[in-house]
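Q: The residues making up each chain are set out below.
There are 2 protein chains.
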Amino acid sequence: MRLSELGEDFFLKELARRFPTAGEHVVLGIGDDAAILDPPSGERVLLTTDSLVEDVHFSRKWMPPRFLGRKAVAVNVSDIAAMGGEPLGALLSLTVSPESEVEALWQLVEGVDERARELGMSLVGGNLASSPGGMVVDVTVAGATVRKRALMRSGAKPGDGLYLSGKIGASATGLKLLEQGAALAPGGGFLVPEGLREGPIPLAEACIRAHLDPEPRISLGRALNGKRIATACIDVSDGLALDLHRLCRASGVGARIEEASLPLSPGLLAWERAWKRDPVLAAVSGGEDYELLFASRSEDKVERLRGRLDLPITRIGEMTEEEGVALVGRDGQVRPLSPLGWNHFGKQAV
Amino acid sequence: MRLSELGEDFFLKELARRFPTAGEHVVLGIGDDAAILDPPSGERVLLTTDSLVEDVHFSRKWMPPRFLGRKAVAVNVSDIAAMGGEPLGALLSLTVSPESEVEALWQLVEGVDERARELGMSLVGGNLASSPGGMVVDVTVAGATVRKRALMRSGAKPGDGLYLSGKIGASATGLKLLEQGAALAPGGGFLVPEGLREGPIPLAEACIRAHLDPEPRISLGRALNGKRIATACIDVSDGLALDLHRLCRASGVGARIEEASLPLSPGLLAWERAWKRDPVLAAVSGGEDYELLFASRSEDKVERLRGRLDLPITRIGEMTEEEGVALVGRDGQVRPLSPLGWNHFGKQAV
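If you read the protein sequences in the order shown, they are chains A and B.
Take the first sequence: its position 51, counting from 1, is numbered 51 in this note's numbering, and each next residue is one higher.
Take the second sequence: its position 82, counting from 1, is numbered 82 in this note's numbering, and each next residue is one higher.
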């Protein structure tokens with residue numbers, strides 16, 4: 001059935017029925033003029049929004065609706081995590097064609113609801129609008145600070161160590177694989193087109209999953225903030241190079257990173273080599289890793305954190321007085337690293 | 001200059017510079033991973049989102065960018081007002097073509113910022129994404145409750161009086177005038193095409209302004225909530241008929257309204273008559289009035305409110321035990337009123 005046959009109010013009524021209000025901090029969810037949230041006593045409220053646009057951020061060809069919903073939530077929660085907060089509730093603003101298949105929309109909303117619950121909050125409201133163009137999935141997440149503090153991009157000082165959680169590059173490699181015809185199979189597993197069958201197949205699925213279903217680093221952000229471990233923090237959504245430039249600009253400092261210490265994902269390494277491309281360039285200019293990049297004055301505190309969280313945290317360099325970002329190659333040569341990350345409108349500028 | 005020539009980061013950097021953080025309850029505005037709000041102590045947080053889609057909610061032909069920004073804010077604040085709250089901060093999520101004129105985008109953001117300030121809050125963040133399709137302006141507003149209470153759609157009981165603020169229908173008439181070629185002139189005043197010159201011109205501009213620049217009823221919502229005057233409330237965004245059905249459904253009651261008591265705007269009356277159409281049908285099935293429709297048990301309290309606010313509040317009928325909405329005509333005949341309001345996807349359903 002198409003949305004135009006079902007009607008907006010039927011869809012929203014059924015939506016409120018299927019996804020009842022839940023969550024410790026939700027007083028009123030879907031169905032009224034606004035949602036009502038009750039943040040933990042005394043905490044401040046964090047607010048962020050991010051959208052996934054058809055044929056820009058995703059293609060219907062390779063993005064299953066459920067993962068589209070999951071991802072729209074996760075990328076927003078990643079921003080809350082980068083501020084050191086905890087998510088409270090999500091709004092979903094959907095712009096879709098009247099010809100949309102209702103079943104696919106349900107899968108999308110189920111993905112939103114499911115991912116919101118997994119991340120400790122719930123879907124509390126939203127909006128549905130028709131559009132003659134492609135689909136826009138716009139999610140807003142409200143969060144709460146921890147101990148009234150938040151982690152900002154500003155605050156890093158020369159001499160601070162620079163750290164990165166997890167491994168980078170898997171998502172960018174996953175996107176290339178999807179664009180070349182790889183896909184998740186509806187029943188589990190994944191489909192590999194002819195042209196990719198000579199490549200390192202066992203590592204492909206992890207890359208595809210990293211792209212479709214990223215993991216925001218809530219526990220890490222909370223610890224960095226609550227225990228005052230980080231002086232500045234950003235999530236790597238547009239590529240390490242660009243996001244590091246943003247952190248440097250906000251803090252009024254520069255950075256120097258070591259090529260040899262970059263935590264590159266095994267999938268990226270294997271596939272970029274198979275494609276005869278430079279894995280480092282691909283990793284720093286790729287995007288959508290959703291790892292946290294942070295500066296810290298205390299290697300000891302970071303070390304204790306490593307012991308508590310089941311997540312690699314790599315020191316990749318340090319903050320410097322000179323502005324700009326320098327990359328120290330494996331050959332010892334120092335080169336300026338430009339903000340090569342993903343940019344929607346062509347020109348780079350930080 | 002086009003957005004693709006300027007670049008996303010240049011635009012966002014300049015945006016943070018032009019629109020610095022402001023507002024009593026804003027700790028951190030544009031420029032980091034999320035905004036930080038500090039709601040009044042102990043109050044709950046209201047959260048709502050609404051979008052304006054090109055060629056669905058507006059046409060570039062008649063919607064000046066500044067008014068587009070103003071309206072995107074006002075329609076969201078109207079939802080906060082309908083919950084009895086006060087706005088704290090707004091997020092702007094823009095989906096635009098890379099070919100967009102940067103100057104028009106500045107006018108749009110200026111409209112958002114200006115309207116946010118007029119309504120007692122500020123623009124605190126957002127997102128910019130490219131799109132191959134038309135423009136989508138998605139605004140989210142966070143608000144605070146008043147005395148920890150909120151006005152919901154549910155709560156009306158049979159016997160409660162049913163009230164409407166202001167006058168309805170001007171916006172729907174304004175839209176028809178715009179679609180027929182009327183337009184605001186850049187230097188003030190407005191342009192009237194040949195085909196409309198025989199009509200009641202002096203009343204046209206107010207209708208056009210009502211459509212382009214609606215006024216959310218914050219003071220009224222706050223009073224209805226804080227003084228426990230209303231048992232249920234909704235803002236009339238999709239037409240009186242449809243929104244009244246929604247209020248009835250949420251409250252589990254029906255309503256009976258009197259045609260003779262409906263507060264119709266003078267512009268609607270004059271133009272619908274000039275067009276030889278039924279003003280009542282046009283008024284109840286039109287939309288975007290952004291007046292508050294509420295139920296109350298106490299005519300006395302409403303009367304005292306009338307004295308304090310510079311805003312008409314009309315008793316248009318009452319809540320009933322029987323479900324559905326009945327319209328009592330000037331002839332005394334009672335007819336069922338269907339949810340005729342605006343619906344994005346064809347079918348009506350409440």
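Keep in mind that the hints were calculated from the coordinates and are not lab data.
One should not assume that every hint holds.
Claimed, not checked - So the derived label-pair ranges between C-beta atoms look like this:
(1) B/18 to A/187: 50 to 58 Å
(2) B/323 to A/16: 26 to 34 Å
(3) A/132 to B/195: 25 to 33 Å
(4) B/323 to A/1: 21 to 29 Å
(5) B/273 to A/1: 38 to 46 Å
(6) A/195 to B/195: 56 to 64 Å
(7) A/120 to B/148: 17 to 25 Å
(8) B/40 to A/16: 26 to 34 Å
(9) A/1 to B/330: 38 to 46 Å
(10) B/20 to A/158: 42 to 50 Å
(11) A/132 to B/273: 27 to 35 Å
(12) A/310 to B/59: 51 to 59 Å
(13) B/60 to A/331: 47 to 55 Å
(14) A/18 to B/148: 43 to 51 Å
As the list claims (entries may be wrong) - Here are the simulated DSSO-like pairs of lysine-lysine, each with C-alpha atoms no more than 27 Å apart in a straight line:
(15) B/157 to A/13
(16) B/167 to B/157
(17) A/148 to B/157
As the list claims (entries may be wrong) - Covered by chain A, per the in silico footprint, the following chain B stretches (three or more residues, Cβ under 8 Å):
(18) 26-39
(19) 42-50
(20) 125-134
(21) 144-153
For glycine and all other residues, C-beta sits at the position ideal for the given N, C-alpha and C.
Q: Each of the hints needs a verdict: does it hold here or not?
A: Checked hints:
| no. | hint | in the structure |
| --- | --- | --- |
| 1 | B/18 to A/187: 50 to 58 Å | holds, 52 Å |
| 2 | B/323 to A/16: 26 to 34 Å | violated, 18 Å |
| 3 | A/132 to B/195: 25 to 33 Å | holds, 26 Å |
| 4 | B/323 to A/1: 21 to 29 Å | holds, 26 Å |
| 5 | B/273 to A/1: 38 to 46 Å | holds, 41 Å |
| 6 | A/195 to B/195: 56 to 64 Å | holds, 60 Å |
| 7 | A/120 to B/148: 17 to 25 Å | holds, 24 Å |
| 8 | B/40 to A/16: 26 to 34 Å | holds, 29 Å |
| 9 | A/1 to B/330: 38 to 46 Å | holds, 41 Å |
| 10 | B/20 to A/158: 42 to 50 Å | violated, 27 Å |
| 11 | A/132 to B/273: 27 to 35 Å | holds, 34 Å |
| 12 | A/310 to B/59: 51 to 59 Å | holds, 53 Å |
| 13 | B/60 to A/331: 47 to 55 Å | holds, 54 Å |
| 14 | A/18 to B/148: 43 to 51 Å | violated, 29 Å |
| 15 | B/157 to A/13 | holds, 21 Å |
| 16 | B/167 to B/157 | holds, 24 Å |
| 17 | A/148 to B/157 | violated, 42 Å |
| 18 | 26-39 | holds (count 11) |
| 19 | 42-50 | holds (count 8) |
| 20 | 125-134 | holds (count 10) |
| 21 | 144-153 | holds (count 4) |
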